[in-house]
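Chains as they are written, first to last, in this note's numbering: chain A, 1 to 176; chain B, 1 to 328.
Don't read these hints as lab results, they were simulated from the structure.
A portion of the hints provided could be inaccurate.
Stated by the list, open to error - Computed cross-link-like contacts, BS3-like style, restricted to lysine-lysine with a CA-CA straight-line distance of at most 25 Å:
(1) A:18 x B:279
(2) B:116 x B:228
(3) A:18 x B:298
(4) A:51 x B:279
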Amino acid sequence: MGNPTKGGGVEHASYTTKFGSLASFDKGGVDLINDDARHYAFSNIFEVASKSQPWEKVAVAKNFEYVLEVVRAEGTSPWSTAAHDQFAVCMDGAITVELVKLADSPLADDAEGSVTLGGEPEGARMGKIHLRHGHQALLPAGSAYRFVTAHPSVLMIQTIAGPETQFRWAEICQTV
Amino acid sequence: MTATNIQVTTSDSVNQDGYHAFTLGEFEFRRDEYFVYISWPTGQHMMSIDSFLRALQRDVAWDFFYGIVNFDGVFGTVNHYGTVDIFAGRYNDAYRKAELDYSENHETPVIREAFKSILADWTNATFDPFASPHETGAAWGVKNGDNISAITRRRVAANRMVAVPGDEQIRTDESGFPVNRHFKDVDQGEPILEPEPGFEDEVVAFSLFAYLSRSDVTWNPSVVSACKDSLFCPTTEEYILPIIHGNDRVEWFVQLSDQITWDVEDRDTGAVRSRVTMKAGDVCAMPADIRHQGYSPKRSMLLVWENNSSKIPELIASGQAPTYPVEF
Ligand SMILES: [Fe+2]
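Chain A extracted, bound-state conformation:
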């Protein structure tokens, strides 16, 4: 219970933190008074992932060249790489990240976004990371990486828009 000598009120003995998932999510929205809903580009990560093909990189947020991509993780992904650091947050499920130090990156140093590599990467194995709900991993610049899941899971990637980034705002966002 709360301490009345602090804030002065009484609190519950425990609280339940609500997260979303592929199996269960609840979506809010924009109540318009004097505006256009499209200015807010309002979407939901789990709804986007539930309608995506495995490993598609769907932008849910964009600020100039930067994006947040949502990825439906299912099975084993192709190997990808980027010339800059990226960060992957496991929003639902469990995902293993495999990392290889690319001997020879196909990308220029200033290339933006991630690209899929054909076949197996050549280079030293860097190791593996086992992510669960709410965990965030570094995908280091110049590494090759792939994701492996036993069950459909959801990733949010902090990155830059690249040739494989999918923009489908009209499909994913509130429009009226």
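Got chain A; can you put chain B with the ligand on it based on the hints?
Same frame as chain A, but now just chain B with the ligand:
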């Protein structure tokens, strides 16, 4: 006053409630048991001292943040990244039309020191402006000690990512960050790492949700990862955002847990534009021509996503870039 020819002054003596008065340029600040009194050449204003100190704490801790920090519908600051405007009525339609709005521009170190001095003198031992109302005592009353450690918390800012060797580290009981009472049910397990020898510095991950569950402050975005100018600035929110944030660029919110409701108003006039409800997994942009204030009934996890590029405010102010994030 201690001096007449400098931009910031602190009164020599205290008032009957034990507080100093301060001046910054032509602005004057006084407090008593319940209120702050702000005056400037064309007007004056009162605010609850509780709301004022919570807002002042954010403005100081964020070093004036991005764009406009409105303390309420009248008073606030505009960051020009090197200098800061301090204003009254500047973003209030009625004050503007009456030509009673007033603004001064100061070098950032000058206003920073003035605001820090006010915060230090007016925050009593019983009050932590970063805490939720349930977690702290009151701001009211006559002068009663100070709370310097609470108001000078070190701002967390990862260079690459939290948990990378040499960068910001995860929060633990041992480092003084117990799990918050609203997040006792958040899994505290960390990712399992299997680095090959020599790759320990690059095979790195951490539990973002556990990290946030141990935050001891509210409404205080701080960087956990950086992809060039793209900054993940998650924060834990409870009760009301103590400021109304006016954007000079688009910022994005990703609601990681629970729910926040946002009141969105026109940035320059305060006219209502919308009300946004965000639930776990929702993503929403805040356009560059609005201001917003959030309400979080239970402590929640919010990812604030910023583009730190210094080129953006000018691109948007000059109309070369749109005020909304995407065209569709
Ligand atoms: Fe904001």
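> Quick check: which numbered hints come out false for this structure?
Replying inline: 2
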